[in-house]
Amino acid sequence: MALRDITLGQYFPGSSPIHTLDPRAKLVAMICYIVALFLGKWFVTYAILLLALAAVVKVSTVKPKALVRGLKPVVFILVFTAVLNIFYTPGEALASFWIFTVTKEGILHAFFMVVRIIMLITCTFLLTYTTSPLALTDGLESLMGPLKKIHVPVHELSMMMSIALRFIPTLIEETDKIMSAQKARGADFDSGNLIQRAKALIPLLVPLFISAFRRADELATAMECRCYHGGEGRTRMKQLHYRPGDVLFMLGALALAVGIGVLGHWGL
Amino acid sequence: MAAIIETKQLTHIYSQGTPFEHTALDSVDFSAERGEYLAVIGRTGSGKSTLIQHLNGLLKPTSGQVLFNGTDIWESKDLTRQVRCQVGLVFQYPEYQLFEETVYQDIAFGPKNMGLDADEVDRRVKQSARFVGLEPGVLEKSPFDLSGGQKRRVAIAGVIAMEPQVLVLDEPTAGLDPSGSARILDNIRTYHQEKNACIILVSHSMEEVAREAERLVVIHRGTIPFSGPPEAVFAHGEELETMGLGVPAMTRVFARLRSMGVDLPASVYTIPQAREAVLSALHRKEGT
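Sequence order for the protein chains is A and B.
Numbering follows this note's numbering, with no gaps: position 214 of the first sequence is 214.
So the mapping is simple: this note's numbering equals the position in the second sequence, first residue as 1, plus 1000.
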């Protein structure tokens, strides 16, 4: 089943040092890393960033195959970005035909852009592979805590996010089940032209929406039965605490970003 | 008699190559004959749902074969699709797959997908509505306005309308009240008798399978430890208990009575049978 193989937001339980890091440390490190990705300018900086990523992957014990599989859905975006960059970057022309001109800068630019996107996606996947959705939303809520001062409903947002994350696998499973049931009645989702395929989705989407609304309703009732009334005065079973390792990891990522920033400033 | 559908050394492994790897079926040999009423029993997670999804080609075996009338259903793409119409599969809680504006259109979904003409579709919709005991007035209603039991019967009619030679039902009575369950089991029996179709009923109610099926197939941890007529399978009472299945309540009562030295038959599964057995035992006693 193709749907079962979707890796979006999937968590691979494990006990590596990366798994046990504080989710906030991982989030901060990821942000630093992404900033660094966009500060890099030349092969040297990308080589350093690649090494850093490879080291974290190695320690995390996540199989590289799983990370490569996560890239499959974005192949189209990668090709699209590459093509746009190759043809639309002004500079020294290498070849031209009709209205298109390929430039040396364009090829380099496209290459760096693709590398950037691949590394960006790999590092976000690494985060979701090694952090359970619950830990992730707890981390986000804690990091966004100061925004409460300016009346941002941080708790509600993170609750919404954890519910959404929680229901992704359920909805995938449900889609799979309805799809199987309709296939058993001879529905065909894989052939025909675009319009036929869109029409073929009706028997899938109608029951899926109905069940999603039913689930939402039941969940709301269940939460009310447990007297849920938002974040005010709510305590947590699992408190987050920074440990020396977490601080070190964040500082490392910060140093990496600053270092790359300096190198980038020199044009490397 | 030749098997209409069988599996040979069927193995299925979910999420192979990830930490979630799980062997659901392990070299299973299963077969069902034309016109047979068969029940598959096993506790939750034993692999019964995985097995039945192989029977009409919804899941592809990791290894092994699924044969329909002697040919491998994965031989060609067309064949797989044909088999889906020949082996009707009613999922658990099938009412959640309804989507059309009217009951009529929903039942017609399957036959239409088979490419039948309008007259034939109409005939089949009306016939299958009759099989499951839906009044003609219901056909024009929205399926979402019906009661739970009625929805379930509409969904079953949607599969019956494809006139499958093999009808597989995954816990068709789950979550229904006793009279609703009895009606659905009656509908299935009618279909079995009138069309001489092979029925494969998945259930974990021992009373239900003992009453309905001619042969039982027990699934436990992806294998088939026993299969045979109810009396043969229920003779393994203790093993069934350890698999979390057990035997019908009446069988247990009678086994207990027999162990206390009362002269009663062992093959009793239902209350009417128990009544007969007790009455005839009393007659014998009066006679002596």
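Calculated from the structure, these hints are not laboratory results.
Check the hints yourself; a few may be wrong.
Straight-line C-alpha distance at most 30 Å; calculated BS3-like pairs for lysine-lysine [stated by the list, open to error]:
1. A/Lys177 x B/Lys1285
2. B/Lys1008 x A/Lys199
3. A/Lys199 x A/Lys104
Now the in silico label distances, taken between C-beta atoms and shown as ranges [to be verified]:
4. A/Val79 x B/Gln1009: 41 to 49 Å
5. B/Ser1015 x A/Glu92: 48 to 56 Å
6. B/Thr1242 x A/Val35: 55 to 63 Å
7. B/Ser1031 x A/Leu134: 42 to 50 Å
Each residue gets a CB set at the ideal place from its N, CA and C atoms; glycine is no exception.
Which numbered hints fail: 1, 2 and 3
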